[in-house]
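S.K.: Construct all of the structure, not just a fragment, from the sequences and the given hints.
Chains A and B supply the protein sequences, listed in that same order.
For the working numbering, add 174 to where a residue sits in the first sequence, where the first one is 1.
For the working numbering, add 249 to where a residue sits in the second sequence, where the first one is 1.
These are computed hints drawn from the structure, not numbers from a lab.
These numbers were taken from a predicted model, which means no experiment stands behind them.
One or more of the hints may lead you astray.
[Claimed, not checked] Which stretches of chain B does chain A cover? Using the computed rule of at least three CB atoms under 8 Å from a CB of chain A, they are:
#: 1; region: 501-510
#: 2; region: 525-537
#: 3; region: 562-570
#: 4; region: 645-659
#: 5; region: 719-732
[Said to hold, decoys possible] Chain A residues, not near chain B, derived (Cβ > 12 Å throughout):
#: 6; residue: G242
#: 7; residue: H244
#: 8; residue: D329
#: 9; residue: V381
#: 10; residue: L458
#: 11; residue: H460
[Said to hold, decoys possible] Each pair of labels, with its calculated beta carbon distance range:
#: 12; chain 1: A; residue 1: V441; chain 2: B; residue 2: E740; range: 51 to 61 Å
#: 13; chain 1: A; residue 1: A206; chain 2: B; residue 2: E691; range: 29 to 39 Å
#: 14; chain 1: A; residue 1: A206; chain 2: B; residue 2: E740; range: 27 to 37 Å
#: 15; chain 1: B; residue 1: R844; chain 2: A; residue 2: D510; range: 38 to 48 Å
All C-beta atoms in this analysis are idealised placements derived from N, C-alpha and C, irrespective of residue type, glycine included.
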Amino acid sequence: MTTNEGKLTKKDFTSDREVRWCPGCGDYAILATVQTLLADVGARPEKTVFVSGIGCSSRFPYYMDTYGIHSIHGRAPAVATGLAIARPDLDVWVITGDGDGLSIGGNHLMHALRRNVNLNILLFNNEIYGLTKGQYSPTSPLGSMHKSTPMGSLDRPVNPVALALGAEATFVARSIDTDRQHLTGVLEAAYRHRGTSFVEIYQNCNVFNDGAFIALKDPKQKDDNQIRLVEGEPITFGPEGERAVIAEDDGSMSFVDTADAGERIVVHDPHRREPTTAFALSRLSHNPTGPTPIGIFRDVDQPVYDDLLRTQVEDARAAKGPGDLGALLASGNVWDVH
Amino acid sequence: MSGSTAARSRVTLSNAVVRFAGDSGDGMQLAGDQFTSQSAIAGNDLATLPDFPAEIRAPAGTLAGVSSFQLHFSDQDIHTPGDAPDVLVAMNPAALMKHFGALKPGGTLIVNVDAFSDRNLQKAGYESNPLEDDSLTDYQVHEVRITDLTLRALEGHVERGELNKKEAERCKNMLALGLVSWMFHRPIAETEEWLTTKFAKVPEVADANITALRAGRNYGETTEAFTYTYEVKPAKLAPGRYRNITGNQALAYGLVAAAERAGLELFYGSYPITPASDILHELAKLKHYGVATFQAEDEIAAIGSVIGAAFGGSLAVTASSGPGIALKTEAMGLAMVMELPLIVVNVQRGGPSTGLPTKTEQSDLLQVLHGRNGEAPIPTVAASSPSDCFHAAIEAARIALTYRTPVVLLSDGYLANSAEPWLLPDVADLPDLSTSFAFTTEPNGPDGGFLPYLRDERTLARPWALPGTAGLEHRIGGLEKEDGSGHISYEPENHHAMTELRHERMQRIADQLPALEVDDPSGEAEVLLLGWGSTEGPIRAACHQLRERGTPVARVHLHHLNPLPNEVDELLRSYDTVICPENNMGQLSMLLRARTLVDVRPYTRVTGQPFSAAELVDAVDAAITEGAR
Numbered sequence: 175m176t177t178n179e180g181k182l183t184k185k186d187f188t189s190d191r192e193v194r195w196c197p198g199c200g201d202y203a204i205l206a207t208v209q210t211l212l213a214d215v216g217a218r219p220e221k222t223v224f225v226s227g228i229g230c231s232s233r234f235p236y237y238m239d240t241y242g243i244h245s246i247h248g249r250a251p252a253v254a255t256g257l258a259i260a261r262p263d264l265d266v267w268v269i270t271g272d273g274d275g276l277s278i279g280g281n282h283l284m285h286a287l288r289r290n291v292n293l294n295i296l297l298f299n300n301e302i303y304g305l306t307k308g309q310y311s312p313t314s315p316l317g318s319m320h321k322s323t324p325m326g327s328l329d330r331p332v333n334p335v336a337l338a339l340g341a342e343a344t345f346v347a348r349s350i351d352t353d354r355q356h357l358t359g360v361l362e363a364a365y366r367h368r369g370t371s372f373v374e375i376y377q378n379c380n381v382f383n384d385g386a387f388i389a390l391k392d393p394k395q396k397d398d399n400q401i402r403l404v405e406g407e408p409i410t411f412g413p414e415g416e417r418a419v420i421a422e423d424d425g426s427m428s429f430v431d432t433a434d435a436g437e438r439i440v441v442h443d444p445h446r447r448e449p450t451t452a453f454a455l456s457r458l459s460h461n462p463t464g465p466t467p468i469g470i471f472r473d474v475d476q477p478v479y480d481d482l483l484r485t486q487v488e489d490a491r492a493a494k495g496p497g498d499l500g501a502l503l504a505s506g507n508v509w510d511v512h
Numbered sequence: 250m251s252g253s254t255a256a257r258s259r260v261t262l263s264n265a266v267v268r269f270a271g272d273s274g275d276g277m278q279l280a281g282d283q284f285t286s287q288s289a290i291a292g293n294d295l296a297t298l299p300d301f302p303a304e305i306r307a308p309a310g311t312l313a314g315v316s317s318f319q320l321h322f323s324d325q326d327i328h329t330p331g332d333a334p335d336v337l338v339a340m341n342p343a344a345l346m347k348h349f350g351a352l353k354p355g356g357t358l359i360v361n362v363d364a365f366s367d368r369n370l371q372k373a374g375y376e377s378n379p380l381e382d383d384s385l386t387d388y389q390v391h392e393v394r395i396t397d398l399t400l401r402a403l404e405g406h407v408e409r410g411e412l413n414k415k416e417a418e419r420c421k422n423m424l425a426l427g428l429v430s431w432m433f434h435r436p437i438a439e440t441e442e443w444l445t446t447k448f449a450k451v452p453e454v455a456d457a458n459i460t461a462l463r464a465g466r467n468y469g470e471t472t473e474a475f476t477y478t479y480e481v482k483p484a485k486l487a488p489g490r491y492r493n494i495t496g497n498q499a500l501a502y503g504l505v506a507a508a509e510r511a512g513l514e515l516f517y518g519s520y521p522i523t524p525a526s527d528i529l530h531e532l533a534k535l536k537h538y539g540v541a542t543f544q545a546e547d548e549i550a551a552i553g554s555v556i557g558a559a560f561g562g563s564l565a566v567t568a569s570s571g572p573g574i575a576l577k578t579e580a581m582g583l584a585m586v587m588e589l590p591l592i593v594v595n596v597q598r599g600g601p602s603t604g605l606p607t608k609t610e611q612s613d614l615l616q617v618l619h620g621r622n623g624e625a626p627i628p629t630v631a632a633s634s635p636s637d638c639f640h641a642a643i644e645a646a647r648i649a650l651t652y653r654t655p656v657v658l659l660s661d662g663y664l665a666n667s668a669e670p671w672l673l674p675d676v677a678d679l680p681d682l683s684t685s686f687a688f689t690t691e692p693n694g695p696d697g698g699f700l701p702y703l704r705d706e707r708t709l710a711r712p713w714a715l716p717g718t719a720g721l722e723h724r725i726g727g728l729e730k731e732d733g734s735g736h737i738s739y740e741p742e743n744h745h746a747m748t749e750l751r752h753e754r755m756q757r758i759a760d761q762l763p764a765l766e767v768d769d770p771s772g773e774a775e776v777l778l779l780g781w782g783s784t785e786g787p788i789r790a791a792c793h794q795l796r797e798r799g800t801p802v803a804r805v806h807l808h809h810l811n812p813l814p815n816e817v818d819e820l821l822r823s824y825d826t827v828i829c830p831e832n833n834m835g836q837l838s839m840l841l842r843a844r845t846l847v848d849v850r851p852y853t854r855v856t857g858q859p860f861s862a863a864e865l866v867d868a869v870d871a872a873i874t875e876g877a878r
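M.R.: If you want it as structure tokens, here you go:
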């Protein structure tokens, strides 16, 4: 609880509830980063609402000393949409996971993204169902062997960033649970973006799917595999930046040695109106087992649904005057009986 | 039609039932609506029954494509759209085939003889032309060349290129309306005005329709085919200002009124579904009343958005029909345990599954009362007439706001689309809902903390603390909560206590309900007719007929289905026979039997149509005969 004015700290965003994720879960790192970030950017706990669905990640709101709704499976974007429309003064965050947001709640996620409601959606992707104890998820790699798929999963995984770009989300980014600096930067940009921000966070489930993101996190491999997207910079990676992302003639992208890239090297611009280039970037990796872009794929300003809706109400009032209930009831043909 | 012959050929009637029937594209709903307006302006009491297929345009000329509109108008207080029509307008053979059986013996039949081609007769399933054999001899049949008269009236319009022949033919509903208006001495000026406004952007279409309307009236006047005309005098309605209103319109207005009387913004989130969509259409026009309408991506998102808006402090409402309510089920449970005030409207239609989308039924009662996982009681209010939808919406809001709970508001396809004259209430007399709640602004805990589940002693309502209020930050959700703190709790005794509390809250609502009104004028009735929802009209009409005949009968109508009024046990035990007519297979009867152990007799029909008064009279007679044996 926070009633003091002035500079807040992480503590002001930390509730008195004991955190009950498994020891070693990536969710702890994300929680700490979000709590610190909100204090640093000057957010107010009373003006902040976290809305979640069902799953391990969806316990998140209980640990934030803000307003919060732990809703039902997959429906957090819908609940958050209603709240954001009703209350444009609030910062509304959605916490979801790969099962919650992409499987049972895929429909709501897609529509929230295309509507551009003023929400920040954080999708914790651990490529597994954790709370139900280890079934494969919509982001598990093809052939994943888990409890429900002892001979390997048969369905091709969703690429969350590609899906968000396909829905023409106005802010799309990806980061990693334990890379505090990178995650903070991405989340701050998401917080400042007006409209729907979508952030996929690679989050390690050390109980059921440990090491899924090792290629991006292991100090020995990460420099080879993290493609850090930096606005205005040519996209290169590798310990010495020796590999580069180039544009192919068919609109796709691929990797070459930086020395051979020449003018085909892609310079990152997340503000392009068309999501095409960002989409090509998202297709560079289907699972984070090799070189994978992280950072902000897309960040464009577009009209925000809840602003537009409020404007319609204001325009209607300006045109017709504020509603008069008596006049409404007596609208149409009326007659008097004496 | 019952009445006496006046001077010349004008017959004065107490009441009349007119049914317009034709193809879906023939404009029968429109003709019916306008005839309704004319009757309202003439001062009659009235009730309507639109009946149309689920298909937008079924194949022309087929039985499946027939759309009809029935109007009952009277110089008395009436409650139903009438059992059997006195006048049937049949625009084609299919309309005749489908509706002829309903026509009163000796009734008047106006047929568009131009549509009686061999092909149309065949499509309707006639083996021979009924106009040429003797099947219609007992009726007053008027064979009118409605299509031809329309085209001839509009010859000039077509010649001038203002509309083509097909467009001209489309005005034939106005010709039929003009003729029927003349038959009943209805002035057509209002309809002309309405057409001018409706087609303001295409004045040549307005002019063509008005020309056809007048041509129909003039045809009646000049032809000698019609021996009689009819007049229904104004009804003796209570003094005041009236308008016609459909149930969906009244429900939308009721929500706007409730929000205004509560001092809240109205948030309406819904997904299109027949027959509830018109509520969304109405509210979307009322943005200047501070109404936010949100067309969600599906039924679940619709109620999800409403939960979010209620958490944010709006009067939040979603509406659907049975199939959509099924999808909202899990979220309704969430709203219930979060103890948020919101309204879920169910405009019931024929079920199960997709069922009969455009027809009426009352078969979702058990669904809304019991169709959720766990012990999840939700207060339920039912509207009983089109205009009562207005008051029922305000009552649903009152319960939601007072007790911090979702409330189900039941309407149905019949109420939704039917119209009746409505004595406009004085806005100042509407309930003041602003006193039924207050947003919590201060911590309520012993140490300056906030306890989101600390309850009001009288209502058991928990605090409604809005985001934006410093010091009251709290997190709630679908997991079981500790009473008071609202923290997640898996304690066995806490769960039992919370479940009991949620049931006790229903009892508090029952304890604070207004008294039931029992209609038993003689005090000698041994039979009680107990109904809920849209059966009120037919039940009232049946009681009226029985009492006129000297059979005492009592009547009570339930507006609250959950909780049931406390007096219901004693009331049911005080009559020898309790009959419960329902457009389902006996759902309320079952609940009442279980609760009161009284042998309530269900009278059940699910035809997609409201009850007729006559069948309810028969049901009472049968019960009395059986009782006497």
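S.K.: Against this structure, judge whether each hint is valid.
M.R.: Verification of the supplied hints:
1. Counting residues of the region 501-510 of chain B whose CB lies closer than 8 Å to any CB of chain A gives 4, which reaches the minimum of 3, so the coverage claim holds.
2. Three residues within the 8 Å Cβ limit are the bar, and the region 525-537 of chain B against chain A gives 3, so the coverage statement holds.
3. Only residues whose C-beta sits within less than 8 Å of a C-beta in chain A count toward coverage, and the region 562-570 of chain B has 3 of them, enough to reach three; the restraint holds.
4. Evaluation of the coverage hint for the region 645-659 of chain B: breached, as 0 residues show C-beta separations to chain A shorter than 8 Å, against a requirement of three.
5. With 10 residues bearing a CB less than 8 Å from a CB of chain A, the region 719-732 of chain B meets the requirement of three and the coverage assertion stands.
6. Residue placement check: G242(A) does not keep its beta carbon more than 12 Å from all beta carbons of chain B (closest about 4 Å).
7. Not every Cβ of chain B is farther than 12 Å from the Cβ of H244(A); the closest lies at roughly 3 Å, contradicting the non-interface assignment.
8. For D329(A), the requirement that its beta carbon stay farther than 12 Å from each beta carbon of chain B is met, with the minimum near 23 Å.
9. At the 12 Å boundary, the C-beta of V381(A) stays outside the reach of chain B, the nearest C-beta of that chain being 21 Å off.
10. L458(A), annotated as away from the interface, keeps every beta carbon of chain B farther than 12 Å; the closest lies near 30 Å.
11. For H460(A), the condition that its CB be more than 12 Å from all CB atoms of chain B holds, with the nearest at approximately 27 Å.
12. Range check, V441(A) to E740(B): Cβ separation about 59 Å, and the 51 to 61 Å hint holds.
13. Here the CB-CB span from A206(A) to E691(B) is close to 31 Å, well matched to the stated 29 to 39 Å.
14. Range check, A206(A) to E740(B): about 30 Å between beta-carbon atoms, so the 27 to 37 Å window is met.
15. Hint check: R844(B) to D510(A), Cβ distance near 45 Å, so the stated range 38 to 48 Å holds.
The structure does not agree with the numbered hints 4, 6 and 7 stated previously, though it agrees with the rest.
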